[in-house]
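Participant: So you can see what is in the structure, the chains are spelled out below.
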Amino acid sequence: DIDDVGHRYHLELVLEDILDKDSTVNCTAEVLYHLGNKNIAPDVQFTIEGELKNTDEADNIFYNRIKSLEKELVAENIPDSHGNVSPEMEPIRLLAWVASGYVIWQNSTENTKFQLAQIKHVKQVKRSDEYLEFDYIVLLHEMVSQEIIPWQMTVLWHPQHGVQVTQDSRHPKHA
Amino acid sequence: HQVLRIKTRNEEEVKKLQLFESLEHLELDFWINPSTPALPVDVRIPANSIQAVKAFLESHGIEYSILIEDLQVVLDKEKQDMACSQQRDRSSNSFNYGTYNSLDSIYAELDHLASAYSDIVSKLRIGESYEKRPLYVLKFSTGGKNRPAIWIDAGIHSREWVTQASAIWIAKKIASDYGKDPSVTSLLNKMDIFLLTVSNPDGYVFTHTTNRMWRKTRSKNRGSPCVGVDPNRNWDAGFGGPGASSNPCSDSYRGPSASSEVEVKSVVNFIKNHGNVRAFLTLHSYSQLLMYPYGYKCSEPADYAELDALGRAAANSIRSLYGTTFTVGSICTTIYQASGGSIDWSYDYGIKYSFAFELRDTGRYGFLLPANQIIPTAEETWLGLKTIMEHVRDNSY
Chain Y
1 DIDDVGHRYH LELVLEDILD KDSTVNCTAE VLYHLGNKNI APDVQFTIEG ELKNTDEADN
61 IFYNRIKSLE KELVAENIPD SHGNVSPEME PIRLLAWVAS GYVIWQNSTE NTKFQLAQIK
121 HVKQVKRSDE YLEFDYIVLL HEMVSQEIIP WQMTVLWHPQ HGVQVTQDSR HPKHA
Chain R
1 HQVLRIKTRN EEEVKKLQLF ESLEHLELDF WINPSTPALP VDVRIPANSI QAVKAFLESH
61 GIEYSILIED LQVVLDKEKQ DMACSQQRDR SSNSFNYGTY NSLDSIYAEL DHLASAYSDI
121 VSKLRIGESY EKRPLYVLKF STGGKNRPAI WIDAGIHSRE WVTQASAIWI AKKIASDYGK
181 DPSVTSLLNK MDIFLLTVSN PDGYVFTHTT NRMWRKTRSK NRGSPCVGVD PNRNWDAGFG
241 GPGASSNPCS DSYRGPSASS EVEVKSVVNF IKNHGNVRAF LTLHSYSQLL MYPYGYKCSE
301 PADYAELDAL GRAAANSIRS LYGTTFTVGS ICTTIYQASG GSIDWSYDYG IKYSFAFELR
361 DTGRYGFLLP ANQIIPTAEE TWLGLKTIME HVRDNSY
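Chains Y and R are the protein sequences, given in the same order. So the first sequence is residues 1 to 175, counted in full-length UniProt numbering. So the second sequence is residues 1 to 397, counted in full-length UniProt numbering.
Derived by calculation from the structure, the hints in this document are not laboratory data. C-beta atoms are modelled at their ideal positions from N, C-alpha and C, and glycine is treated no differently.
Derived contacts from chain Y toward chain R, CB cut-off under 10 angstroms, selection only:
hint, residue
1, Pro79
2, Asp80
3, His82
4, Lys113
5, Leu139
6, His141
7, Gln146
My request is simple: use the sequences and hints to build the entire structure.
Facilitator: Quick look at the structure:
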């Protein structure tokens, strides 16, 4: 408890590589939830002890594949109702997961717990520069209220420059 | 024993055979009684009497033929054939346990299990849903009259597909393990198990036809365009308290009153009418948690120590198979305060062993758990359930 400021949490965690379960890295973090104002994202400071794996090869394969598509990529329901994700869509899903992490961070309070539930729709947006751009509508599952919240996010990615969420908003809910 | 077919030619011969009927010491069993010469007389004759009967018939010139040489052989073969076809029935089956199935498919499989394992499985209808779909419970019992019982339900939240899928696998497991697995056998020799594989059929159908993420029932809410009540906020336990919404459009809407949802009321009625339920176990997903009461308040239940220890033992059993870790604790301290929950109701009703499971995973796929994880999830969950049931069996209260 920090008077007049908020609540600070000290965390010690282990990061595990999704694609390589044996690859782990220790991490410490400080998270500060601000008192009152629900519109400010929590402050996060972190230190990673060691190095994250180099993913250049896989990144470049994905990058080149998308760059060489004749028509812009369009897809929906990833995973589908039965939890299936086609191999070609797996990097699209991972990208959404990272991007939604940003959105979740920006919208979290001590009383929320968000997870990415599904990609409802994704559409590639053609760009003249070297970035890849994807326009996603995702479903976020908020555990405490149990609501499924549609969310729009515009995601930029480049193998060397990483992920950026340039725009995001709660998507209007259908009745 | 032999079965003879006797051909009578006239009334006189019929009368002679009728005299025969009265000779009790011969222990004759007439399958077709002597009445008119137009009809044959079929009679089963015990081994001891065969010589005497044949001698009588021959001395009177009455015609007969042997219908069945040795009745025992026929009976043995019939028994074998029945076992064989039941075996075939049990194994050759189009139901795929390793995939997500439609409601109709699951309901057909309930019938199949009840017929293939008719000696211990029967199907009960405990009520119907808002949209009038039947609520079916499988009863596993080896007899007795109202034995102490274990209640297990799945799919109260329709989008939690791995729970309905696990429940039907568990049904098959219990049925086929009886007589083979010592634990299941001793369990069913003492107690009955009631398994509700699809607690919210309307919601389940809706997740297949319209919205995969639907959670609630499909009841209409007066004065609101929004449909459905969260069936796990609708039980009479701290109803109306914090941890449930009063907004019909919310996914945790408690409903207009406790047990307003017929899906909830049917279970409440069943449990009350049964009167001897000792454990209430409910399956949800996801998060990998094993929880005991309370949800509507954050204070410990009176049986906290025992429930916590039992929960940990069950979580250890689950972990033993594939390393899947479950966090154990009360609902309030483990996830959040939630009022109107089922295991709070069952516990306060007097069913001490009340547990809620949240199955795989922890968020990577969430509700959309890949089908190839159904059977591993069902297998590990079953171990956890067994641990709890064994404890219930050994601790009558």
